[in-house]
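Since chain A is already given, all that's left is putting chain B on it; use the hints.
Read off the chains here:
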Amino acid sequence: MISFISPLVVFFIGALLMLFLKNTVRLVCCVIVCIAAFMCLLNIPQGVYPIVEFWGYTLILRFDALSLPFAYAFVIATLIGMIYSHHLKSSKEHFWGFVYAASVMGAVFAGDLITLFVFWELMTIAAMFIIWASKTKAAQGAGFRYLLVHLFGGLCLLAGIIMKVHYTGSIEFGYVGMDLGIASWLMLIGFMVNAAIPPLHAWLTDAYPKASITGIIFLSAFTTKAAVYVLARAFAGTELLIILGAVMMVYPLIFIVLENDLRRVLSYSLINQIGFMIVAIGIGTPLAINGAVAHAFVHIIYKALLFMSIGAVMYRVGSSKVTDLGGLYRTMPLTMIFCVIGALSISAFPLFSGFAAKSVIVSAVAEEHLTYVWLTIMFVSAGAIYWIKVPYFAFFNKDSGKRPKEAPLNMKVAMGIAALICVVVGILPSVLYDILPYSMNYMPYELSNVMKQLLLLSFVFLAFSLWLKSGYYPKERRSEILDLDWIYRKLAPIVVSFAGKGVLWVYRRLNYIFLDWLPSMLIWMSKSPALALKIWFSKLVMYFMPFGWEEARSAIEKAEKEYPANVLPHWSMSSSIAFMIILLTLYLVDYYFL
Amino acid sequence: MNITKSRFLKFFAGIAVLLVILDFVIPKKPHFGWDGIPSFFALFGLLGCFISVLIAKVVRFMIIREEEYYDD
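Line by line, the protein sequences are chains A and B.
At position 87 of the first sequence (counting the first as 1) the number is 70 in the numbering used here, and the numbers step up by one without a gap.
So the number in the numbering used here is just where the residue sits in the second sequence, counting from 1, plus 5.
Calculated from the structure, these hints are not laboratory results.
Remember, predicted model here, so these are calculated numbers, not experimental data.
Glycine residues also receive a C-beta, built at the ideal position from the N, C-alpha and C atoms.
One or more of the hints may lead you astray.
Unchecked claim - Quick list of in silico lysine-lysine cross-link-like pairs, DSS-like style, CA-CA up to 27 Å:
(1) A/K381 to B/K62
(2) A/K452 to B/K15
(3) A/K452 to A/K118
(4) A/K473 to A/K484
(5) A/K522 to A/K544
(6) A/K381 to B/K15
(7) A/K72 to A/K120
(8) A/K458 to B/K34
(9) A/K452 to B/K62
(10) B/K10 to A/K385
(11) A/K473 to A/K395
(12) B/K10 to A/K452
(13) A/K541 to A/K118
(14) A/K473 to A/K120
(15) A/K517 to A/K541
(16) A/K510 to A/K72
(17) A/K544 to A/K517
(18) A/K458 to B/K33
(19) A/K541 to A/K458
(20) A/K473 to A/K381
(21) A/K473 to B/K15
(22) A/K381 to B/K10
(23) A/K452 to B/K33
(24) A/K484 to A/K510
(25) A/K510 to A/K473
(26) A/K510 to A/K522
(27) A/K5 to A/K395
(28) A/K484 to A/K385
To be verified - Which stretches of chain B does chain A cover? Using the computed rule of at least three CB atoms under 8 Å from a CB of chain A, they are:
(29) 11 to 24
(30) 30 to 40
(31) 46 to 58
Bound-form chain A, shown alone (with noise of 0.2 Å):
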């Protein structure tokens, strides 16, 4: 049994080791582990597997040509970026490195409904914890906020598995599709948090660009990939996913081009990357399938790669923002060097592994002659400049004058694997397409495709230095883009802080009513009932009195004044007993003759 758990286990190992090392043994002992974890993917025979018993249902493992491509990456980005962290002094970010991949790895793995709830919730923790490292008092609030947005898409979820498991008798984890009515929706939603599928996307530009250089890494590979093969399971073919991916794509654009952080920017274009492969999802054929896993694969590398570059560029400047960049090439070539590779392949340029993947969804897409979506696709390939924003205005531009040092050797160890892998694979696609679910024979160097591509891609260079040359190019300056996040960040406060107004005043109203003004009245009254009686029915027939107003009110307030010290004669105790006599008898009267 241990042998096919072993990928999970060997990463939960990892994470307890993690605690105890520091320095050189703590990396030799993380590219260990990482190795070994690879070595148990490579052996694991393809197949499902029984793991425990748990009230009456049996979890289970299951790995296939789906599952498996998603691991692969996993394993390697946890590598790249255990590397990458090696200078940390603390080994905080490594422990919840190794648990954040394991959780991932499990609910890519999950066969059942149960298991991968509960390491998609461990994925969160597991997350929240990554950008509290940091520590900076905007990484802690949006800590919280990530971890509040992923407990709703975790209940949704959780109640769409229940009902689920009500409806089918079944809680094993396969195609799920929009059959289940408001099961399906639910599961949907619970997936569409985790993919950033707007407009829940918010969560991910909120909380990444604060997280620390090395966390990052681990944030852009694991949580939005594990809902990219979530939803690649169980709703491939649902075409509302085709409209909300081409939404993915086109709505992170303008905020491309206006975001002044560099990290905000990528985090963008992670937004709009995962739209291509949401698209792909939703067409479901093979094909498409196939070109969503090859996509997700690339993208974990590359955008680990861009994060990693500009993360460098962070820890020697200080900054990730536009305004305090510019001219870094001089000083950080092999940093500029290998953005550059990460950028080229995200572009998806010819030779470089964006352009393996992208090609096969944008045959997908033209194989199904969805016109719209292709001329989406186009337009977005076109329009979406990170690309060229991220690596020009870091590292070119205008000089800012700063001469910071080359990244630190372990960075630049990391930074050259992920770019190795981007060049391989464009070079080598079929290295990428071997280990696809479906098998296809599929070649991107076609001579009119490469065409296709570098013209459109030179265009939009020559388009975007018009725009600089121009001058009309939007001035970067310090600013916060708002974006939908602004509605919990903002505009919750402000309508609790009002409605919190209204029931103050409310509280101070009956406050005042029941524990104040009706009390003493009450004793008031009870000094004397008679005499309260007697002043409050002459004030309202004085309010009926045509004339003699004066003379009236000046007898009420000399009544009030000697109020209740004329208690009135009459008003004795023989004169109550005969009160309550007189009751008695009535009573009687009623009970024995009426």
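Using the frame of chain A, we list chain B on its own:
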């Protein structure tokens, strides 16, 4: 290095023009028909980048705030 300097611009424009000329020669496999028009993708790239920056420029004033906008 600044791409708005004219020597860089001329260099990139040269490459782009070369690609456009090549595009007339290279055989195409159009899927929809109109994507077989020569330099269709060049136009697409030019317009795509132009339009997305333009839209961003137009909506900028609505969503841009000071850096300390969220006090957290």
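Checking against the hints above, which ones are violated?
3, 8, 11, 13, 16, 18, 19, 20, 21, 23, 24, 25, 28
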